[in-house]
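With the sequences and hints as input, model every part of the structure.
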Amino acid sequence: MKARVYVAMKPSVLDPQGQTICHALNGLGHKKIAAVRQGKYFDITLAEGATREEAAQELDEIARDVLSNGVIEDYRVEILD
Amino acid sequence: MNIGIVVFPGSNCDHDAWYAVSENLHQHAEFIWHDSASLGNVDAVILPGGFSYGDYLRCGAIAKFSPVMRAIRNFARDGGLVLGICNGFQVLTEAGLLPGALVRNDTLKFVCRTVALEVATSNSPFTHQAAKGQILHIPVAHGEGFYIADERTLDQLETDDRIAFRYRENPNGSMRHIAGILNEQRNVMGMMPHPERAADPLMGSTDGLFILQSLAGAAVQSPV
Chain D
1 MKARVYVAMK
11 PSVLDPQGQT
21 ICHALNGLGH
31 KKIAAVRQGK
41 YFDITLAEGA
51 TREEAAQELD
61 EIARDVLSNG
71 VIEDYRVEIL
81 D
Chain Y
1 MNIGIVVFPG
11 SNCDHDAWYA
21 VSENLHQHAE
31 FIWHDSASLG
41 NVDAVILPGG
51 FSYGDYLRCG
61 AIAKFSPVMR
71 AIRNFARDGG
81 LVLGICNGFQ
91 VLTEAGLLPG
101 ALVRNDTLKF
111 VCRTVALEVA
121 TSNSPFTHQA
131 AKGQILHIPV
141 AHGEGFYIAD
151 ERTLDQLETD
161 DRIAFRYREN
171 PNGSMRHIAG
181 ILNEQRNVMG
191 MMPHPERAAD
201 PLMGSTDGLF
211 ILQSLAGAAV
221 QSPV
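Protein chains in written order, with this note's numbering: chain D, 1 to 81; chain Y, 1 to 224.
FYI, nobody ran anything at the bench for these hints, they're computed from the structure.
Predicted, not measured: the structure shown is a model, and the values here were computed from it.
Ideal Cβ placement from N, Cα and C applies to all residues, glycine included.
Mixed in with the good hints, there may be bad ones.
[Said to hold, decoys possible] Straight line, CA to CA, 30 Å or less: simulated BS3-like cross-link-like pairs of lysine-lysine:
(1) Y:LYS109 / D:LYS31
(2) Y:LYS109 / D:LYS32
(3) Y:LYS109 / D:LYS40
[What the hints assert, rightly or not] Label-pair ranges, simulated between beta-carbon atoms:
(4) D:GLU58 / Y:PRO67: 18 to 28 Å
(5) Y:TRP33 / D:VAL66: 19 to 29 Å
(6) Y:GLY96 / D:VAL36: 26 to 36 Å
(7) D:LYS2 / Y:GLU158: 42 to 52 Å
(8) Y:HIS28 / D:ALA35: 49 to 59 Å
(9) Y:GLY40 / D:THR45: 37 to 47 Å
(10) D:GLN57 / Y:GLN134: 48 to 58 Å
Below you can see the structure in the form of structure tokens.
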């Protein structure tokens, strides 16, 4: 089973990397790009034998407690197959 | 008195802190390895700067799960004095012992220079030997020192007089120019600047001693 965990800064948190990328894109002539926010994702492979329910629970736990910091970031878990 | 200095894999200011405590402060310093479940017989703890566990994922994100952090949580809960410097500050926020978070500098650049800090409160075990409003010259060296918290938390910090230091010229974008904060009980402090790098006359400034001497003076009376 494979899963993907997305982590990104909360909308209220300044993202200077995203702003710099947006500025660079505008400089390259992509004038329609109004804003960029940069985040990251983790591709995770689960050990065989885990049920979908167990996997969902464990993924939510690691996404909340380890992969993201709830003070500044939001996360989203997707089970891919 | 006895000051414990926590060593994570990747800590790199642990020996500087040890030197400042033993050679400049003339107190006993001892290292505490990250997998120690106990702090031993210490009067105060310093979490030094560096890159704990490589700081992969986020700064301090892995360090918060180390066995020594469980001992530090208990020590802090019982009133023990805990000072987090730079990466130590990041670890304390990740561990939930201090509010807010430290993110990438707004300039996106690592900043390494001496800055002017204003002492925002002298009402703490870490700052009582300095005067409120006093300016201290202490170096910063970080890529992720932008202090961030929601407005309510920032207001609460101000209302409770828990902002310890403010930058005179903000080097990293920190909200309300915050360079250091205290917890609610005032026995845990985190700061991005490095007082241990301004403790010896050779370093050009000894302003860091105001903080270390405050800590030493307070630890003697500490209940733990």
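Consistency of the hints with the structure:
1. Y:LYS109 / D:LYS31: 26 Å, holds
2. Y:LYS109 / D:LYS32: Satisfied, since the Cα-Cα distance of roughly 28 Å is no more than 30 Å.
3. Y:LYS109 / D:LYS40: Holds, because 20 Å separates the two Cα atoms, which is no more than 30 Å.
4. D:GLU58 / Y:PRO67: 18 to 28 Å: 22 Å Cβ-Cβ, so the 18 to 28 Å window holds.
5. Y:TRP33 / D:VAL66: 19 to 29 Å: 22 Å Cβ-Cβ, so the 19 to 29 Å window holds.
6. Y:GLY96 / D:VAL36: 26 to 36 Å: Given range 26 to 36 Å: holds, Cβ gap about 31 Å.
7. D:LYS2 / Y:GLU158: 42 to 52 Å: This hint holds: roughly 47 Å between Cβ atoms.
8. Y:HIS28 / D:ALA35: 49 to 59 Å: Given about 54 Å between the Cβ atoms, the range holds.
9. Y:GLY40 / D:THR45: 37 to 47 Å: Holds, at about 41 Å.
10. D:GLN57 / Y:GLN134: 48 to 58 Å: 52 Å, holds
Checked against the numbered hints given earlier, this structure breaks none of them.
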